[in-house]
Amino acid sequence: EAGVTQFPSHSVIEKGQTVTLRCDPISGHDNLYWYRRVMGKEIKFLLHFVKESKQDESGMPNNRFLAERTGGTYSTLKVQPAELEDSGVYFCASSQVDRGGEQYFGPGTRLTVT
Amino acid sequence: GQQLNQSPQSMFIQEGEDVSMNCTSSSIFNTWLWYKQEPGEGPVLLIALYKAGELTSNGRLTAQFGITRKDSFLNISASIPSDVGIYFCAGQLPPGSARQLTFGSGTQLTVLP
Chain X
873 EAGVTQFPSH
883 SVIEKGQTVT
893 LRCDPISGHD
903 NLYWYRRVMG
913 KEIKFLLHFV
923 KESKQDESGM
933 PNNRFLAERT
943 GGTYSTLKVQ
953 PAELEDSGVY
963 FCASSQVDRG
973 GEQYFGPGTR
983 LTVT
Chain L
248 GQQLNQSPQS
258 MFIQEGEDVS
268 MNCTSSSIFN
278 TWLWYKQEPG
288 EGPVLLIALY
298 KAGELTSNGR
308 LTAQFGITRK
318 DSFLNISASI
328 PSDVGIYFCA
338 GQLPPGSARQ
348 LTFGSGTQLT
358 VLP
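Just so you know, the sequences run in chain order X and L. In short: position in the first sequence from 1, add 872, done, that's my numbering. In short: position in the second sequence from 1, add 247, done, that's my numbering.
Rather than coming from a laboratory, the hints here were simulated on the basis of the structure. Just so you know, not all the hints are guaranteed correct.
[Stated by the list, open to error] Derived pair list, reagent style DSS-like, types lysine-lysine, alpha-carbon separation capped at 25 Å: (1) L/317 with L/298; (2) X/916 with X/950; (3) L/317 with X/913; (4) X/916 with L/317; (5) X/913 with X/950; (6) X/887 with X/923.
[As the list claims (entries may be wrong)] DEER-style ranges, computed between Cβ atoms: (7) L/291 with X/943: 20 to 30 Å; (8) X/956 with L/263: 43 to 53 Å; (9) L/264 with X/934: 16 to 26 Å.
Beta carbons are placed, not taken as given, at the ideal position from N, Cα and C, and that holds for glycine.
For reference, chain L alone in the conformation it holds in the complex (with noise of 0.2 Å):
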């Protein structure tokens, strides 16, 4: 099946850096999104990506479609301590395909004060 690579696995920042995080894939994604996941909640959708080359922002958040879409990246800015927590990439198939969501393996991020 389709596999996503995320990375980076996990990283440590300041408080005030900017972040940055991708997932590529073998496969073409119709759509791409980004999720955040904090300890005993679910993932919790943050920006939804539907075009190749789309530029989506929310708030510090900023993602983006890549144009072979095969891949996206996530940047946050200015990180504060909320940040804290899992990042997954998830891609869906075009229409016609399997509608469930593939997802990559989570980026946890600490921010330290």
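This is chain X alone, in the form it adopts within the complex (with noise of 0.2 Å):
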């Protein structure tokens, strides 16, 4: 069984320019969350997707990033315009309906804004 994915691995950016990472969950999830690891801290949860509705969104830091999910598959998340505090890994999980604690990382994109 494939694993989560996510593309692309590293992406450096200037300051003030759109960046849209993506990520694939594992097949048959229904539940896709975004997270966040900024400068060596903790993991940090962004938003949570339960198919194509946005079940949470409450960790997204301000209206400068936004996350889709179409179809209920794939996730996108955009960052427009990336500023220098955006810097950092950004991990997708994705779990089963009825294992919602349970959730399965991808291997993160690296966003570094200069």
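Can you join these two chains into the complex? Each is in its own frame, and there are hints to help.
So this is what it looks like as structure tokens:
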């Protein structure tokens, strides 16, 4: 069974530019989460999809971040315009509906904003 | 929001030694999980705990869900070089609450040969 995949693995952009991150969850996992780890701190929640619906986006830092999950399959997270403080590692995780606690993480996208 | 206090922040141990790390919270969690992250990779799920008092093993790893539901510990026995990495605890609130995981700040483990 393929795991969670994320693209790209690294992205270096200038302040003010736009970046779109992609996550492909494990097939059949309706729950999809985005998390972020900044500057060696703890991993923090951004938002949660159940299928194509946003269940909880309380962790999104501001309106420069936009997440979508069209069709309930893969998800994208767009940052526009990027700021220096957006640098960090963005993780995607997925889980089955009845095993919500067991979340499986992708390798992450390391975003550097210069 | 919820916060998990994970300790120690880092550990340097000799190969073959046992390791213990723990997490505490002011909130009650319904699920405790332990993850390991290696450089360039995402966190990998090691153990999931669902019941207060539960003690679960996965090879040389043993984790327990505290009776108060506000803490958990992870033990690694007879450490080997490939145990190197960052270990994170994570908690999930009871059903009816938000479903995301709250993470501890991680324990960086270094195993010396």
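Cross-check of the supplied hints:
1. L/317 with L/298: Judged against 25 Å, a Cα distance of about 12 Å means the pair holds.
2. X/916 with X/950: Status holds; Cα separation ~17 Å.
3. L/317 with X/913: This hinted pair holds, its Cα atoms lying about 21 Å apart.
4. X/916 with L/317: Holds - the C-alpha atoms of residue 317 of chain L and residue 916 of chain X are around 19 Å apart, at most 25 Å.
5. X/913 with X/950: This hinted pair holds, its Cα atoms lying about 22 Å apart.
6. X/887 with X/923: 32 Å, violated
7. L/291 with X/943: 20 to 30 Å: 28 Å, holds
8. X/956 with L/263: 43 to 53 Å: 44 Å, holds
9. L/264 with X/934: 16 to 26 Å: Distance hint for residue 264 of chain L, residue 934 of chain X is violated at roughly 45 Å.
Consistency with the previously given hints fails for numbers 6 and 9, ordered from lowest to highest.
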